[in-house]
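*Asks:* Top line first, the protein sequences correspond to chains A, B and C. Going left to right, the first sequence walks through residues 1 to 140 as our numbering numbers them. Going left to right, the second sequence walks through residues 1001 to 1335 as our numbering numbers them. Going left to right, the third sequence walks through residues 2001 to 2095 as our numbering numbers them.
What the hints contain is simulated information worked out from the structure, not anything from laboratory work. Among these hints, one or two may not hold up.
List time: in silico PhoX-like cross-link candidates among lysine-lysine, alpha-carbon distance up to 20 Å [to be verified]:
id : chain 1 : residue 1 : chain 2 : residue 2
1  : B       : K1279     : A       : K2
2  : A       : K25       : B       : K1271
3  : B       : K1148     : B       : K1009
4  : A       : K37       : B       : K1239
Bear in mind the structure is a predicted one, so any value in this text is a computation, not a measurement.
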Amino acid sequence: MKEKDGFIDCPQQQVILYVEKEDGKYEPIQTGSYLTKNYLDDYELKRRHLEESLKKQVLSGEVSPIYYYMVLEELTLSELGARAGIRKGKVKKHLEAAHFNSIPRETLQLYADVFNITVPDMLKILVAKPDDSVNTNTVS
Amino acid sequence: MGTIAYKHKMAAHCESGAVTSLLNNAGLDITEPLVFGISSGIFFGYFHKMKSFAFPTFIVRNKPGSIRKNLAKRLGIKFHTEKFHTPDEGMKRLDELLGKNIPVAVQVDFFYMDYLPEWERVHINVHFIVVVGKEGSKYIVSDSYFPKLVELESASLRKARFAGGSMSPKGFLFYPEYIPKDIDYKKAIIKGTKKACFNMLKIPLPFVGIKGIRMFAKKIVEWPSFARDTEHLSHEIMKINILLEDQGTGGAGFRFMYATYLQQASAILGKPEWSGLSKEMMEIGDGWREISLFASRIGKNRELGPDRLKELGAMLNGRAETEERFFRRLKNSIN
Amino acid sequence: MTKKLSPELNLEIKKMIMETLNITDVRPEDVDDDKPLFGSDNALTLDSVDAIEIIMALQRTYGIRIADQSLARNVIRSINSIAEFIVAEQEKTNQ
Chain A
1 MKEKDGFIDC
11 PQQQVILYVE
21 KEDGKYEPIQ
31 TGSYLTKNYL
41 DDYELKRRHL
51 EESLKKQVLS
61 GEVSPIYYYM
71 VLEELTLSEL
81 GARAGIRKGK
91 VKKHLEAAHF
101 NSIPRETLQL
111 YADVFNITVP
121 DMLKILVAKP
131 DDSVNTNTVS
Chain B
1001 MGTIAYKHKM
1011 AAHCESGAVT
1021 SLLNNAGLDI
1031 TEPLVFGISS
1041 GIFFGYFHKM
1051 KSFAFPTFIV
1061 RNKPGSIRKN
1071 LAKRLGIKFH
1081 TEKFHTPDEG
1091 MKRLDELLGK
1101 NIPVAVQVDF
1111 FYMDYLPEWE
1121 RVHINVHFIV
1131 VVGKEGSKYI
1141 VSDSYFPKLV
1151 ELESASLRKA
1161 RFAGGSMSPK
1171 GFLFYPEYIP
1181 KDIDYKKAII
1191 KGTKKACFNM
1201 LKIPLPFVGI
1211 KGIRMFAKKI
1221 VEWPSFARDT
1231 EHLSHEIMKI
1241 NILLEDQGTG
1251 GAGFRFMYAT
1261 YLQQASAILG
1271 KPEWSGLSKE
1281 MMEIGDGWRE
1291 ISLFASRIGK
1301 NRELGPDRLK
1311 ELGAMLNGRA
1321 ETEERFFRRL
1331 KNSIN
Chain C
2001 MTKKLSPELN
2011 LEIKKMIMET
2021 LNITDVRPED
2031 VDDDKPLFGS
2041 DNALTLDSVD
2051 AIEIIMALQR
2061 TYGIRIADQS
2071 LARNVIRSIN
2081 SIAEFIVAEQ
2091 EKTNQ
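Next comes chain A alone, as it looks inside the complex (with noise of 0.2 Å):
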């Protein structure tokens, strides 16, 4: 990888590279991600439309919001389990629309602690109309 080529103009996401200088020696630049430069847009498209087919999941009961932050933050249900400290066979109680209204407030909170979000970010989604934009990822 040449330096030439291997340099990309992406403030936004910086990273290492190692190439070849101009005299063959082999030493790190400081350029742009090529993924975020070129595809971040689609990478946020594909974001909304899982964002909006899970609110809609969870709009109709099919699910509970903790399943919505489940699927977005890409975890198994083993792995948020273990996360939030709670048996796997509960977990998978709570991802259900039906039980999520019987969850404890400080349980709840174990799971916003894990999707770094607040409780009341949590239960935003419920009601949130179809078109909303439910933040996400927010520092709590």
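With chain A fixed as given, assemble chains B and C onto it according to the hints.
*Replies:* Just chains B and C now, with coordinates in the frame of chain A:
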């Protein structure tokens, strides 16, 4: 509390970056490629089904923690390490160390690094950053993936250091406490390179090393069966580019860094043939780059039918063949 | 020291695995000797990455090399199969 005088640098990879950064700041003039190469960082592993991963994935570096451990062993460096039972203990100890002007590397869940844009952040418990100070409720952090020193809220660092799940950090921290005056780099380079060749060629498991690349090539055509829909598949295929290139997890990125290691090692060992091998490794990296560009293209265009995936598989097999020949030659050049 | 098939050897193997993988929340007595190590109902919840570690640890601890990947799969199938392999390998070296 303030900030320790700390020279921040970006790096290709967080673990080798954090280790290099701490050692540099402690007075040892070592490069990230040497750290990576001596610790046998280069690797390949394909994971078709794992309970902790939502989708098939692969790794291109050795097990997290190995870079630090192998480097320490091979260079005679001692790292002080600690784990904690509670977040309170872990944060208190961090503050104590910072109060003594000791910069500390901590293991964290990447997801909580709020200074990075959302699209970059995923739940992965094996990110390493160096904490160099504290101002009020914010910690000053040196992160290999960010251009300069940055602030992170105490609450976020606490969550990140004590995230549960697989490979949970448990507040793990480390810093160098002893660096020998005389280091036998030649011996360390030989050992590190030998082990890398062994890892790529000889581990008797079908999903690691060269066999792992072949398994990836074979299994990629099954990826559609794991996806919810085309957009999900597109997202995962395009992630190949990220895993290969960005955030220092990269196959192409690591191959380029390994080529740099071989070039630097060639000078240290006085082995001119390694200079030729380093050029080859650079070209191998270019081949991986072709793959990551291809993956991002077919992902964006939603061209994800069996023919395209077979094509991707064939490119991966190409890497397997080339790397197998390469690592055999590298191994033979050591003896 | 020559190893013999015994509860002591099995315990030793379990401890080696748990130490290598840093498993602190399971007791050796909860690990079934004959259950598949990589099965979903094993007390030790192991995955592919752990397999690599175990193979390397067996090499380090007992000096045994597993050259063949289908052999590897059979060796690390369960605690008992690991024990049988260790004893068999030692008998080979002693001959």
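*Asks:* Now tell me, hint by hint, if it's right for this structure.
*Replies:* How the hints compare with the structure:
1. B:K1279 to A:K2: holds, 11 Å
2. A:K25 to B:K1271: Distance of about 16 Å is within 20 Å: holds.
3. B:K1148 to B:K1009: holds, 7 Å
4. A:K37 to B:K1239: holds, 14 Å
Of the hints listed earlier, there is not a single one the structure fails to meet.
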